[in-house]
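Asker: So the chains spell out like this:
There are 2 protein chains.
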Amino acid sequence: MVFKVTVSSARRATRTLWLLVLVSLPVCISVCRASSPQEDSAMENIVTEKKAEESHRQDSADLLIFILLLTLTILTIWLFKHRRFRFLHETGLAMIYGLIVGVILRYGIHVPRDVSNVTLNCHFNASPATLLVNVSGKFYEYTLKGEISANEVNDVQDNEMLRKVTFDPEVFFNILLPPIIFHAGYSLKRRHFFRNMGSILAYAFLGTVISCFIIGLLMYGCVTLMKQVGQLGGDFFFTDCLFFGAIVSATDPVTVLAIFNELQVDVDLYALLFGESVLNDAVAVVLSSSIVAYQPEGDNSHTFEVMALLKSFGIFLGVFSGSFALGVATGIVTALISFFLRDFQLLETALFFLMSWSTFLLAEACGFTGVVAVLFCGITQAHYTYNNLSPESQDRTKQLFELLNFLAENFIFSYMGLTLFTFQNHVFNPMFIVGAFVALFIGRAANIYPLSFLLNLGRRNKIRSNFQHMMMFAGLRGAMTFALSIRDTATYARQMMFSTTLLVVFFTVWICGGGTTQMLSCQRIRVGVDSDQDNSISVGEGSERRSTKQESAWLFRIWYNFDHNYLKPILTHSGPPLTATLPPCCGPLARFLTSPQAFENECQLKDDDSDLILRDGDISLTYGDITVSTDASGAHTSGGLAFAGASTSDDLDRELAYGDHELVMRGTRLVLPMDDSEPDLAACVSV
Amino acid sequence: MVFKVTVSSARRATRTLWLLVLVSLPVCISVCRASSPQEDSAMENIVTEKKAEESHRQDSADLLIFILLLTLTILTIWLFKHRRFRFLHETGLAMIYGLIVGVILRYGIHVPRDVSNVTLNCHFNASPATLLVNVSGKFYEYTLKGEISANEVNDVQDNEMLRKVTFDPEVFFNILLPPIIFHAGYSLKRRHFFRNMGSILAYAFLGTVISCFIIGLLMYGCVTLMKQVGQLGGDFFFTDCLFFGAIVSATDPVTVLAIFNELQVDVDLYALLFGESVLNDAVAVVLSSSIVAYQPEGDNSHTFEVMALLKSFGIFLGVFSGSFALGVATGIVTALISFFLRDFQLLETALFFLMSWSTFLLAEACGFTGVVAVLFCGITQAHYTYNNLSPESQDRTKQLFELLNFLAENFIFSYMGLTLFTFQNHVFNPMFIVGAFVALFIGRAANIYPLSFLLNLGRRNKIRSNFQHMMMFAGLRGAMTFALSIRDTATYARQMMFSTTLLVVFFTVWICGGGTTQMLSCQRIRVGVDSDQDNSISVGEGSERRSTKQESAWLFRIWYNFDHNYLKPILTHSGPPLTATLPPCCGPLARFLTSPQAFENECQLKDDDSDLILRDGDISLTYGDITVSTDASGAHTSGGLAFAGASTSDDLDRELAYGDHELVMRGTRLVLPMDDSEPDLAACVSV
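In order, the protein sequence lines correspond to chains V and G.
Following full-length UniProt numbering, the numbering of the first sequence begins with 1 at its first residue and continues without gaps.
Following full-length UniProt numbering, the numbering of the second sequence begins with 1 at its first residue and continues without gaps.
Each hint should be verified, as a subset may be incorrect.
Here are some chain G residues the structure puts well away from chain V; computed CB gaps all over 12 Å [claimed, not checked]:
{"no.": "1", "residue": "A61"}
{"no.": "2", "residue": "L64"}
{"no.": "3", "residue": "I67"}
{"no.": "4", "residue": "T73"}
Part of the chain G face toward chain V, derived, beta carbon under 10 Å [stated by the list, open to error]:
{"no.": "5", "residue": "R57"}
{"no.": "6", "residue": "D59"}
{"no.": "7", "residue": "D268"}
{"no.": "8", "residue": "E305"}
{"no.": "9", "residue": "K311"}
{"no.": "10", "residue": "F340"}
{"no.": "11", "residue": "L351"}
{"no.": "12", "residue": "L362"}
{"no.": "13", "residue": "A363"}
{"no.": "14", "residue": "A365"}
{"no.": "15", "residue": "C366"}
{"no.": "16", "residue": "P391"}
{"no.": "17", "residue": "Q399"}
{"no.": "18", "residue": "L400"}
{"no.": "19", "residue": "P450"}
Below 25 Å or equal to it, Euclidean Cα-Cα: the simulated BS3-like pairs (lysine-lysine) are [to be verified]:
{"no.": "20", "chain 1": "V", "residue 1": "K51", "chain 2": "G", "residue 2": "K51"}
{"no.": "21", "chain 1": "V", "residue 1": "K398", "chain 2": "G", "residue 2": "K398"}
{"no.": "22", "chain 1": "G", "residue 1": "K51", "chain 2": "V", "residue 2": "K311"}
{"no.": "23", "chain 1": "V", "residue 1": "K50", "chain 2": "G", "residue 2": "K311"}
{"no.": "24", "chain 1": "G", "residue 1": "K50", "chain 2": "V", "residue 2": "K311"}
If you're looking for bench data, these hints aren't it; they were derived computationally from the structure.
These numbers come from a predicted model, not from an experiment.
Yeah, the Cβ is synthetic: ideal placement off N, Cα and C, and Gly gets one too.
Extracted from the complex, chain V is given alone in its bound form:
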């Protein structure tokens, strides 16, 4: 079990506790418990069993608290959704309930000191992972939980109750975050994401690094000031400041995006925000671990040293690219397996789940970052594997990870609320907190505005100033920031960071999250935009839009060609058959690698991101060098589908498929020279 299990007979207290949660009335009851009688040594064995049983019950009851908290959150959220109340997102609500239960646990229930905790004063020169204790002839096995600072030793014995609802911080990283991050990757709205790829990468990589260093420098100034005023109670080095900068640079606008989704805000803004937040999580994780790894040689471990800096930078690059490669590799392996594994939905889904999980474990076992690997695995799965799954499995996997994401997210947020009161080493320093908020604001501004200015120089479809303000405003901090900050709370600096981070998350989720609707209307950002409707508008906008696409996609044109012509046909059942894309000399190989389905599917290409670069039949526009006269929509449509056909690319594809030669142009796209003699294609056209 994941709990810190300590035996105590606070059973009655806990029973009362869940009853309390059940009726959700913050009534403070303090349960006084008679101390258990001294046990007979003959009954020792039974007593040990009883203890284990009690401990198990305790664990169940503790976990039940969280389950009921989540249930309560769901019920309230249902009420909110029913009444279209948008000021409080489910995560914000989960935090509030967590806070309430935290207050009850902290002030409502007093469990007296447990006599069964013993401090051993045997002196070693190491702390072994496993202890075998010889208790009057019987051996008991103990495992290391962690170090406890000297001033905590009394707390350990006093606050049993609070410690019991404290999870091992690694639970967040190893159990709760992976499904959240995977789901983010798996549900990236790919079309708009790829369209804005350049900007997203700029915000996520450059922006996060800028934000991290700006916040780090500002906090260092703040800390130096605090030291001079005498407000600082412990060490706080520059690396600590940078670490703080890294962890609070991970944005998580889950609240904002939920509202965006509901109100159907502009898809480009959505893609920018979502893409940035997904990728900067990955950047922040690797960045923070690289900062921790900054270890100059010699005794003075907090000086500046070029070698150590380079090493940290190398670690950043190595870990990031390693995790990236691993995630993509597992995704591709899954795609290849699922290429053959059709028809058995349960097996498909189970395999998908297991392979995605093993990405995480593999990355962790290799010393990379599991969360980052899982993110890129999710993106790869969505891009390739998803196309190979049966429609039922597509639904199943989507729904499964949606559920896991929902549960994990709300669990983390309610735990955040709880921990504000139950965590025992909070260091709330007003100066540091104010400094942090100011630094956060400046750091976010230094990320968004200069980068937007630079990006706008290259973009024709400018990121307008109201979009920039919105992005600035939507820089919420959430699950990732929390998980990074709770991971290590051993030192004074880390404790102060943790407490401040909690406040930052609360403030941004409640205030910024709650004010999204107001901000949207204040910034006059279009709502109610259907993503497809948006496309048909773009057709009307004409030439300006065209070159925009050309620009924003230039980074990926080569990749896209390669992916569409070779990777997709090899890894999935969609895409054009390889026989059409490979040069004629590779005929036999191409025929071997192309699945029969690819030939069958060819007439009705179902490529989700087919309009990633191409849109509305305007091949000649996007690819200026290929001059084919498939001149925009409406030229050779059969029936009244001229504009309606543009509503979904599938329709358009199918529509055009009943044309003549141009069909093949579109179907196999960018494939020159045309191989008209290809029998399967010809058969397909004639259908």
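Given chain V, put chain G in place with the hints provided.
Answerer: Coordinates of chain G only, in the frame set by chain V:
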């Protein structure tokens, strides 16, 4: 994490390990590892961090082994399904792969003794749950893992690798079994289940108790003999024998049922086997815990004592009924909540999942048996909540638990294979093993044949002898037996039981499971029976069948009436409106309690178990006392649906709905007197 975490730097060994599994070649590689250099005391902090990191990597790698095992199982299963190869079920295959990896771990990889394990020889008079160890001024927290017998102390230090892949036995009970059992309850084929309810209950309760005591007595004879021959190496009391009887009485014909499903074997046989195996799991769990609780007073704790026996019996009744009540109660609460919570599928599904999980936790926290509570919760959810869910959520919940069941089941079976080699305290005693197999055979026979004889006295639809042989043959032992036996392996008796149980599971799953197809054809049991086709045949069979139904259902007629007329309308959106079923004097109350949907749905009653008692419109047959002349199907059908209409009861319902008066008779069924003036009903008829 659930692993027994012990720090060692066997990282390279583990990396090799998963690579091994990945290519699934049982190549034996022994990795020799240079011992790590003595650490500088100044670097102690970093070393501790490094250790924790290594330990985490190790855990990830260990878990990865299992994930890859499961992946391998899935891939092979896919191959088997693809080739319609039925001799080996996925669970049997999972065991084989587990065995292979177990052999590799045991004999292939030698990890040298870890120096960081230290045996403390401080003498206490108790074993505290938490130890604080003062290591040269720093405090480290240790938690109790459990007792280790003196002769194991060396093993602990020698066989790191094997201990690392050993899960806490409670994981099976608290994490893996609940979804399996819930899924069984949730997917009980209710119509046929209820039709054979009496027989199923007889087999599950009486049969399991008979089997438990027969096996217990036989094993006691065997053990006494062993003692006299000098084959017994430790204590083995009568209660131990009974305990063994209880745990091996839980049948789990998952393999058999999979084949039944595929071959569409007779639905009654399926219902009997499935119902028995689901319920006898619950009986066996409670029975075994009652036997453990048998504690006569005084020092000699293994004498016969009436009071202790009565107390054990009381515990059995108390725990069983408590768990039952709790499961049903949570199910009903969920039904009531989901009654209102429509339209938001994700919330519905999440709530369903959380409430079902909290049943388990609540039962465990209250001292009842979570697994039993979860079973009855599942049945209740299927009966009530399921009807309130939106169609999407119905699919989602079914698929979710199907997946969880699949993963958990295969995990348990592959772990079973693994543990045959990695468990370090096996006691294989040939005499005990032979005795156990004989006892198992006799115990199963004493369950099936006498009970079938007695039941056949009351049943008109006899349980034929070939069915009896098949039930005898299908008494496989599986996940539940394993989980019960691994839970406590502290004493010699328990270790011998565990080893024997493993062999029993292997034998029954491979031999009996693999021979199912042969047994079916050998016993000439009909295959390819469509459950609906079966119904239409029953129409042809005429009078004999009619009274069968009447008899087999007599236990539940009262309950069914109550459930159908009052509970279903109150708890779900299906069933007749209360206004039709309650006496006219309760009109206002009835109108208050009936949901608008109930009125709407009324015309097309979608009651899955509507033909639980009634079938083919033969009201007058089943309910001899209610003489309404809705005489059988075909009398007033419109169109050619006379017999085709019988193919699904929904169709028949809808079909009949276009008739006249009799519609209402069928729609609200068993409701006398008719309230023809009811406006909604009238409106419904006229539709």
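Asker: Next, verify each hint and record whether it holds.
Answerer: Outcome of the hint check:
1. A61: violated, 4 Å
2. L64: violated, 4 Å
3. I67: Nearest chain V Cβ is 5 Å from G:I67, so the label is violated.
4. T73: It is violated; G:T73 is separated from chain V by about 9 Å at its closest Cβ, not greater than 12 Å.
5. R57: holds, 5 Å
6. D59: holds, 8 Å
7. D268: Interface hint status for G:D268: violated (26 Å vs cutoff 10 Å).
8. E305: Violated - the Cβ of G:E305 stays beyond 10 Å from chain V, reaching only about 17 Å at its closest.
9. K311: violated, 15 Å
10. F340: holds, 8 Å
11. L351: It holds, given that the least Cβ distance between G:L351 and chain V is near 5 Å, below 10 Å.
12. L362: holds, 6 Å
13. A363: holds, 8 Å
14. A365: holds, 4 Å
15. C366: holds, 8 Å
16. P391: violated, 13 Å
17. Q399: This interface hint holds because 5 Å falls under the 10 Å limit.
18. L400: holds, 7 Å
19. P450: For G:P450, the interface hint is violated, since the closest Cβ of chain V sits about 37 Å away, which is over 10 Å.
20. V:K51 to G:K51: violated, 30 Å
21. V:K398 to G:K398: Distance of about 15 Å is within 25 Å: holds.
22. G:K51 to V:K311: holds, 21 Å
23. V:K50 to G:K311: Cα-Cα ~18 Å, so holds.
24. G:K50 to V:K311: holds, 18 Å
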